[in-house]
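Undergrad: Spelled out from the first residue to the last, the chains are:
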Amino acid sequence: MKIYLYILVMAGVSYAIRALPMTLFRKPIKSRFVQSFLYYVPYVTLAVMTFPAILHATQSQVSGAAALVVGLVAAWLGADLFKTAVACCAVVFILEFFI
Amino acid sequence: MLDKKRELLAGIRDGMPIGLGYFAVSFSLGILAKNIGLTPIQAAVMSLLNNASAGEYMGLTMIAAGATYWEMAVATLITNARYLLMSCAMSQRMDPETPFRHRLFMSFDITDELFGITIARPGYLSPRYMYGAMIPSIPGWMIGTALGTLAGSVLPLRVVSALSVALYGMFLAIIIPPARKDKVVAVLVVLAFASSWLCSWLPVVSALSDGTRTIILTVVLSAGAAALFPRKEQEVTGA
Numbered sequence: 001m002k003i004y005l006y007i008l009v010m011a012g013v014s015y016a017i018r019a020l021p022m023t024l025f026r027k028p029i030k031s032r033f034v035q036s037f038l039y040y041v042p043y044v045t046l047a048v049m050t051f052p053a054i055l056h057a058t059q060s061q062v063s064g065a066a067a068l069v070v071g072l073v074a075a076w077l078g079a080d081l082f083k084t085a086v087a088c089c090a091v092v093f094i095l096e097f098f099i
Numbered sequence: 100m101l102d103k104k105r106e107l108l109a110g111i112r113d114g115m116p117i118g119l120g121y122f123a124v125s126f127s128l129g130i131l132a133k134n135i136g137l138t139p140i141q142a143a144v145m146s147l148l149n150n151a152s153a154g155e156y157m158g159l160t161m162i163a164a165g166a167t168y169w170e171m172a173v174a175t176l177i178t179n180a181r182y183l184l185m186s187c188a189m190s191q192r193m194d195p196e197t198p199f200r201h202r203l204f205m206s207f208d209i210t211d212e213l214f215g216i217t218i219a220r221p222g223y224l225s226p227r228y229m230y231g232a233m234i235p236s237i238p239g240w241m242i243g244t245a246l247g248t249l250a251g252s253v254l255p256l257r258v259v260s261a262l263s264v265a266l267y268g269m270f271l272a273i274i275i276p277p278a279r280k281d282k283v284v285a286v287l288v289v290l291a292f293a294s295s296w297l298c299s300w301l302p303v304v305s306a307l308s309d310g311t312r313t314i315i316l317t318v319v320l321s322a323g324a325a326a327l328f329p330r331k332e333q334e335v336t337g338a
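Respectively, the protein sequence lines represent chains A and B. Quick note, the first sequence lines up with residues 1 to 99 if you use our numbering. Quick note, the second sequence lines up with residues 100 to 338 if you use our numbering.
Worth double-checking, as some hints may not be accurate.
[Claimed, not checked] Reference listing, derived: stretches of chain A covered by chain B, where coverage requires no fewer than 3 residues with Cβ under 8 angstroms from a Cβ of chain B: (1) 19 to 31; (2) 35 to 49; (3) 78 to 84.
[Stated by the list, open to error] Mimicking DSSO-like on lysine-lysine, the simulated pairs with C-alpha atoms at most 27 angstroms apart in a straight line are: (4) A:LYS27 x B:LYS103; (5) B:LYS331 x B:LYS280; (6) A:LYS83 x B:LYS280; (7) A:LYS27 x B:LYS331; (8) A:LYS83 x B:LYS282; (9) B:LYS104 x A:LYS83; (10) A:LYS30 x B:LYS331; (11) B:LYS133 x A:LYS2; (12) A:LYS83 x B:LYS103; (13) A:LYS30 x B:LYS280; (14) B:LYS282 x A:LYS30; (15) B:LYS331 x B:LYS282.
If you are wondering where the hints come from, they were derived from the structure by calculation, not from laboratory data. Owing to the predicted nature of the structure, the values given are computational and were not obtained by experimental measurement. Glycine is no exception: its CB is placed at the ideal position from the N, C-alpha and C atoms.
Construct the complete structure from the given sequences, taking the supplied hints into account.
TA: Shown next, in the form of structure tokens:
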């Protein structure tokens, strides 16, 4: 029972964090600075989370680095989400036969 | 009507690699949950209601430590604070005509990945696209956690390795095409990579949790870019 209470506290806080800005900021924010800031947020946050974390997501840093290079090239050439993800998985899967 | 269906299907398609990645990653979460004494059902409920990797790891360590509920709340707040930023960014991309309930439902699953793919599409955010992506993602995360508690690691390590990079591959597919078109975004991505790498080994900063480092770097770099290179009005909604 105690564990379910812990889980409920976690879930309540997690949902509040996610829902408060979405429900409170219902009008566009006028400030050009804030708008620009929020425009840049996704790119920065995803880039920060990707590197160097991708190097440690795999058994060996070599296959992680290979996935990074393949992902960069595939995305640069215009592959969509699904194809880029599959290309990264494939290179790790194949490389880790040998590493 | 047709449009809504197409949005949903596009979401399911893009959600498939996320669901698979979640399935693999949440296995290790399940193993930890088991070691702490959670049943598979408890682990599944935790993952269904939380949808957060670092947040759940933190939660499990708090349970293991016998923390108070307040400590649990504060720890969850800190570990998941980046979602606050993501939710702010999403709030500015909602169509004012979209019914309010969609804001409540979409908020439920603002994760790094679903936030990334939903906000990467041009124009207003599409609730149905996001719901489509939730269809494989939520069960992937939940079932992976539950199976992790049951089976330990039944997947070969190589498979787990391969699936773990799916999420990063998607991040790259989101940030690289805009970086190719826009020099400011390109420089920002390179700076983000470099500073994130620096911060992972610099003294003091490297002792911070990944979540906290992500927030600090995001705020500093985005604010810097916004001050130096403010966007023109029409660019802001067209990410």
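Undergrad: Does the structure break any of the earlier hints, and which numbers would those be?
TA: Failing hints: none at all.
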